[in-house]
Amino acid sequence: MKLAPEKIGAWLSGSGPDSDVVISTRVRFARNLVDVPFVVRMKQFEQELVLETVRWALADTGYLKQGQFFEEEMLVEPDGLYFVERHLASPDLITCKNRKGLFVSEDETVSLMVNEEDHIRFQVLASGFDFATAFGKAAELDEKLEGQLAYAFSPEFGFLTACPTNVGTALRVSVFLHLPGLVLTREIEKVLRGAYALGLLVRGVYGEGSETRGNLFQVSNRQTLGQSEAEIVEVVSGVCRQIIDYEHKARQFLMHNLRVEVEDKVFRSLGLLRGARIISTEEATNLLATVRFGVALGIINELKLAEVSQLLILIRPANLQVILGEKLTGAEQEERRATFIREKLVR
Amino acid sequence: MKLCDICGKKEATLVVRQLDKDGKATDLNVCAECAKKRGLTGVEESPPESGAVITELKSKVDDSDAKVVCMRCGMSFAEFKRVGKLGCADCYQTFAEKLRPIIRRLHGSVQHIGKTANQGRKRAQERLEIQRLRAELEKAIKQEDYEKAAALRDRLKRREDETGS
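Going down the list, the protein sequences come from chains G and P. Take 1 as the starting number for the first sequence in my numbering and just add one per residue. Take 1001 as the starting number for the second sequence in my numbering and just add one per residue.
Pairwise CB distance ranges, derived in the manner of DEER restraints: (1) P:E1097 x G:L328: 51 to 59 Å; (2) P:K1058 x G:A230: 32 to 40 Å; (3) P:S1109 x G:E140: 22 to 30 Å; (4) P:K1139 x G:A132: 45 to 53 Å; (5) G:G330 x P:R1158: 53 to 61 Å; (6) P:S1109 x G:Q44: 32 to 40 Å; (7) G:A230 x P:S1059: 31 to 39 Å; (8) G:K144 x P:Q1143: 34 to 42 Å; (9) P:K1148 x G:G147: 33 to 41 Å; (10) P:I1113 x G:L198: 16 to 24 Å; (11) G:G62 x P:S1109: 32 to 40 Å; (12) G:E72 x P:E1138: 16 to 24 Å.
By construction, these hints were calculated from the structure, which means they are not laboratory data. All C-beta atoms in this analysis are idealised placements derived from N, C-alpha and C, irrespective of residue type, glycine included.
Input sequences plus hints: build the corresponding full structure.
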């Protein structure tokens, strides 16, 4: 296993535009090879064939040298969850029984799954609200891979995907938003319903279904056909721009009218994190998110946005165990998580 | 923020497009409450969640669906409805008639706009063929069919020399 567990994605550097509200921007394309059946109909030798062909293509385009290609035991539970927690692979990749692969670039901004729902799914992550970087890099990778691979395409339905929900551009763009201001001012539901009415999909980032933790949300396009790639980006980016502006206004309102209450919430969270001896992933996520809010507002100056955002991932079960280099039971994890967080937050 | 054209008080969340006899469209901004009162929900409302469309699909498998089968991968339309995934690129062609209404519901459109694929790059085809030959060769060796294996090995060698792989 060649991982750099404590070093985490450049997309979490907290340096991109509007980083106080937007954690990251993600652009994902799905592609299938024209001459091979889709994943549900693939025989094992075909799965291997696709794996080899894609690896070949990544090598020829020079991408393989910029990262690592993971296979086999790295992509099953429990180790595979490490990539899921880092938003580099989907849970389905880890649970499926296919011959599969995952390419991850050195800085973790580019990742590519082989034989998940589609033959190829690749994504680019950028720090903050930055479609120019994320889309630019994803389009470039698409272009280069297409020089090596023949994709399944129809003039009517566009890029053909295993599930018709992805057909067309096969492009899914999403923005990972931290919206504590809108949650505290109770404006969140209105905003999210508005985004949904405009054809976007809104989900909580952690937790199953629509349950949200830490006031972290993911907004993405629902439709992939009938709009060009540029239009999809424009719509999602336009709606997110509005949400970001609302969040800024809500934060100003809170700082103006309820400053002491907000400070109390933020410092209590920091106090709990610095004092806890046992802590679950869920509780830590909620508290860290509140601390992140405090850093973004300038209430806490001794921590950086990036440190706190990265902790949100490092404390998750698989990452924690890889970092500590040990397999831990649930109770052991809660104890070691508390220690890990305390050490990171000591100033 | 746009106010509701009916009550003039609440924020409009819905656009209702009305067509007159001549087909001229008028857009009306309506808030959720007024829309409900006037029975306007469902008109020009946001498209359904894709998950809901797929779930509905799974619940409506009928006999006629079993008869439409993709020649290339053998998937029937009934099976697609059950698993929610297609078997190969040809399925889109085979099931086009039945897929169009589903795709329209999912995306509000059935015509792709945007980037076009560069079809059938020669190099990609060559590679796939080499991979296929390798797999066949392995199979022949496993089955101890050495005559076939030798022929495959020669073909593979020729192809590799030609493509420089």
